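**Q** These protein sequence lines are chains F and S, in that order.
For the first sequence, the positions run 1 to 612 when the UniProt record's numbering is used.
For the second sequence, the positions run 1 to 302 when the UniProt record's numbering is used.
Please keep in mind that the hints were generated in silico from the structure rather than gathered at the bench.
A hint or two may mislead.
Unchecked claim - Derived contacts from chain F toward chain S, CB cut-off under 7 Å, selection only:
#1 171
#2 177
#3 179
#4 225
#5 241
#6 245
#7 246
#8 249
#9 493
#10 495
#11 496
None of the values given here were measured: they were computed from a predicted structure.
Glycine included, each C-beta is placed from N, C-alpha and C at the ideal position.
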Amino acid sequence: MASYWNRNPIRVFVFLILTVFVVVRSNIPSTPGEGAEERRWEASQVGDVDPGMSVAPPHPHTNTDSFQEELVVRPLHSGDIYASFQFRTVWEADFSRGNKVSHYQLFPKSLGQVISKFSVRELHISFTQGYWRTMQWGQPFLPSPPGAELWVWFQDSVTDVDGTWKELTNVLSGIFCASLNFIDSTNTVQPSAAFKPLGVGNVTDHRFLRYATLPREIVCTENLTPWKKLLPCGSKAGLAVLLKSEKLFHSSFHSQAVHIRPICQDQRCKSTSLELRQTLNAVFDLHTSGQAKREWSLFKMFSRTLTEACPLASSSKIYIDITDNSQGEQFELSPASSLLSQAVVLGDRRTFSVYDLTDQATFGSTRSLNLLIRLKSTDGDMLRPLLHAERYVAGYGLQTGEIHTVMYNHHPYRSFPVLLLDSVPWYLRLYIHTLTVTSKGKENKPSYIHYQPSKDRLRPHLLEMLVQLPPNSATEVTVEFERALLKWTEYTPDPNHGFYVGSSVISSLVPSTVATNTSITQEQPLFSSFFPCKEELSYFVRVYTEPLLVNLPTPDFSMPYNVICLTCTVVAVGYGSLYNLLTRSFQIEEPSPGLAKRIANVIRRMRGVPPL
Amino acid sequence: HRNLNGAGQFFSSGHTNNWAVLVCTSRFWFNYRHVANTLSVYRSVKRLGIPDSHIVLMLADDMACNHRNPKPATVFSHKNMELNVYGDDVEVDYRGYEVTVENFLRVLTGRLPPSTPRSKRLLSDDRSNILIYLTGHGGNGFLKFQDSEEISNVELADAFEQMWQKRRYNELLFIIDTCQGASMYERFYSPNLMALASSQVGEDSLSHQPDLAIGVHLMDRYTFYLLEFLEDIHPASKTNMNDLFKVCPKSQCVSTPGHRTDLFLRDPGSVLITDFFGSVRKIEITMETINLTDPIKQMEEK
Chain F
1 MASYWNRNPI RVFVFLILTV FVVVRSNIPS TPGEGAEERR WEASQVGDVD PGMSVAPPHP
61 HTNTDSFQEE LVVRPLHSGD IYASFQFRTV WEADFSRGNK VSHYQLFPKS LGQVISKFSV
121 RELHISFTQG YWRTMQWGQP FLPSPPGAEL WVWFQDSVTD VDGTWKELTN VLSGIFCASL
181 NFIDSTNTVQ PSAAFKPLGV GNVTDHRFLR YATLPREIVC TENLTPWKKL LPCGSKAGLA
241 VLLKSEKLFH SSFHSQAVHI RPICQDQRCK STSLELRQTL NAVFDLHTSG QAKREWSLFK
301 MFSRTLTEAC PLASSSKIYI DITDNSQGEQ FELSPASSLL SQAVVLGDRR TFSVYDLTDQ
361 ATFGSTRSLN LLIRLKSTDG DMLRPLLHAE RYVAGYGLQT GEIHTVMYNH HPYRSFPVLL
421 LDSVPWYLRL YIHTLTVTSK GKENKPSYIH YQPSKDRLRP HLLEMLVQLP PNSATEVTVE
481 FERALLKWTE YTPDPNHGFY VGSSVISSLV PSTVATNTSI TQEQPLFSSF FPCKEELSYF
541 VRVYTEPLLV NLPTPDFSMP YNVICLTCTV VAVGYGSLYN LLTRSFQIEE PSPGLAKRIA
601 NVIRRMRGVP PL
Chain S
1 HRNLNGAGQF FSSGHTNNWA VLVCTSRFWF NYRHVANTLS VYRSVKRLGI PDSHIVLMLA
61 DDMACNHRNP KPATVFSHKN MELNVYGDDV EVDYRGYEVT VENFLRVLTG RLPPSTPRSK
121 RLLSDDRSNI LIYLTGHGGN GFLKFQDSEE ISNVELADAF EQMWQKRRYN ELLFIIDTCQ
181 GASMYERFYS PNLMALASSQ VGEDSLSHQP DLAIGVHLMD RYTFYLLEFL EDIHPASKTN
241 MNDLFKVCPK SQCVSTPGHR TDLFLRDPGS VLITDFFGSV RKIEITMETI NLTDPIKQME
301 EK
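Could you put the whole structure together from the sequences, leaning on the hints where they help?
**A** In structure tokens form, the structure reads like this:
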């Protein structure tokens, strides 16, 4: 694959295509409301860079860290709106050789101390409320499963990975105010193929990888508060001013994440920098947040407008996706921006209207920026996502059941392989001999299976499979299971709610219809540069299925009390009756005589005569 | 000039830092009011100066982002949604299934596993004044945690005795808002404890008022009037404990609030509310120049 890139003609060809495209696009008439103003394109340079490595932006200052922030807003076809925030801090520090760092500037100290103490190479943690509806909303920029998900690659200098993992989860639970301390060996797995490092480095020994999810974890303001405090400007300036919990949690989908990974400092990659990305994705519903009016603005979404960029940021931008609006027929955007940008993201070439917040002119005379998007028509098709998955439990009763995972390939003629990762808790005993994979009615044998059986109360099931999805088909993976009876102390206080099974993870390199621009430019927007892209004609996609909610046979917890009462009553009645029968003796007792007789008896006793 | 009599006034109360342990022990949506109770005390305590690092907040269930909440990320204390006690800057240390009797007792006595983060620990010392607030469903001599376990008044009294012997508090104020709450402080035997309860043995504590939009009762009566009382307190106020004992008389609360001060060494009339609810530091401004050190003698001089 490396030799592919040394062929110069391909690179020149790509450059020519892009140049032609730029020339063609600039001849398209501008949208109404703009007059004769000419649109400018964002400066981008095609550099001579080995693709697949994210490059740190140039440092204009002499200090060693830099901060960028951006917001991408994409109106969806259903009338909802998708907002994605990314905050990126790049820090020229290298923890891999045990260096101690004591001076923190933009990089948050709490995370820096965690990374150095626990020898963490990569850390990815996300908190999500809601489920991403791929078929209605398309693919997200950064996917995440419902609940909390944490996966970490440790440095190869760590000797006791399990002990370090346990301490790390406890420390993170304190930092993010979440119950991450419930992560233990019963819900941690070591995937062998599904979670490759996203940063630079060639350690792929999966003994240093740990992955865990908590599908039950609730996300609320107490998780957002410490997340906001990690930003250099906090929530006081820049784009983070928009992050108000009352609006953010009143949405169909909310996900906040922290991603830490090493990246190359420059093109030769002699040394690495540490990159911290904090991302927040939210989808606002047309009816609950939008009051059913097809008109969105920053104030309507976030109940705030923007007044300034974060002073510590080297770049602060807002991108509005206007690809479907080339003639201005889909929606109207105001205030209009003269700056445009193009990026290939998720296999599709999208055009964005860019607002640069570091430029004071963006805020206009009112010193505040409130973008207004008025949706006009509802026709037009969304680009159909090529990969999509569903999962459900079949069967009846509280003893057995079946887990079905269905993966859809919507490409008309190309097939591609997907890696399916399933982690099932030990109390659902999977019967792997019943595992079947069928596509279009025929059996589809996976080319790679890695299965680790569970151990009761110690380890969950881990199933990883590489399945080739035929074009335009639905592939179904089914496996039967049996429900176990837990010990009465192992039930949660509300066992009748059910027990959660974490989402399946489906990772794949999906063929793209548009040539991805893999020659990494130095000014690439953040949302398109997250997943490393090594191939021109495919892009990386990770899809999470729904988590499952399974009822386990639950005992009646009032039974111990009932049994004690019943037993004590039976024992008391039975033993008491027997004791009485055996030891009770009867004595004859004279009825007490009348008063006259009693006085007579007293006199007779005094006289020494026997009584009456 | 230095006022030696003024120096005496600094040490009259004997505490140098304040902590608060606020616990809501009930799960499920219909127990919304217990979470609102705890959050209103949290809000008052934060407003009067105790920082999040000195507050251990335990909420057994999530009401703000519960799917039944028509206004997500809010918890209201008053109908017509006047006061959002959840706010925008809340840090919950123990939540959901973590709120158990064992964790509560471990927090109080300090016997936590070594990997517990600082925000989940009660790092008090012998000069700390601690406020402990419990709310939930209770009975004669016990308090129910999450509908699956109970803590008894004997266990609680023993935990406070452990704290006293390990010198983990200077003075402790214990407030409980449950049915038959006075039974929980009957068994205390450690010094420097003051206790308040919302109802006597044999009485039920009642809730205040339901909100028709949210569909549940928003607060309990005792804590509602306690919040009203605390909203008038500011860091410089001189209100003392005798005023706190008068909060929510029988006419407003229907139950009879009780208190216990026999184990407390100082007179309740001399104890300020801010000694427990706020984090008030005594600051003296001086114009005098003070030489800090004599020149340090070199150790190598021979």
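**Q** Could you run down the list of hints and mark each one as holding or not?
**A** Verification of the supplied hints:
Checking residue 171 (chain F) against chain S by beta carbon gives a least distance of about 6 Å; that is within 7 Å, so the hint holds. Taken as an interface hint, residue 177 (chain F) checks out: its beta carbon lies about 5 Å from the nearest beta carbon of chain S, inside 7 Å. Hint on residue 179 (chain F) holds. Least Cβ distance to chain S is approximately 5 Å, under the 7 Å limit. Given the 7 Å rule on beta carbons, the hint for residue 225 (chain F) holds: about 6 Å separates it from the nearest Cβ of chain S.
Proximity of residue 241 (chain F) to chain S is violated relative to the hint, the smallest CB-CB distance being about 12 Å (cut-off 7 Å). Restraint check, residue 245 (chain F) versus chain S: the minimum CB separation of about 4 Å is within 7 Å; hint holds. For residue 246 (chain F), the suggested interface contact is upheld, since its CB lies about 5 Å from the closest CB of chain S, less than 7 Å. Because the smallest distance between the Cβ of residue 249 (chain F) and any Cβ of chain S comes to about 4 Å, under 7 Å, the interface hint for this residue holds.
Below 7 Å, beta-carbon pairs count as interface contacts, and residue 493 (chain F) has one with chain S at about 4 Å; its hint therefore holds. Taking 7 Å as the C-beta cut-off, the interface hint given for residue 495 (chain F) is violated, the closest approach to chain S being about 9 Å. Given the 7 Å rule on beta carbons, the hint for residue 496 (chain F) is violated: about 11 Å separates it from the nearest Cβ of chain S.
Violated hints, listed in ascending order, are 5, 10 and 11; each of the other numbered hints is respected by the structure.
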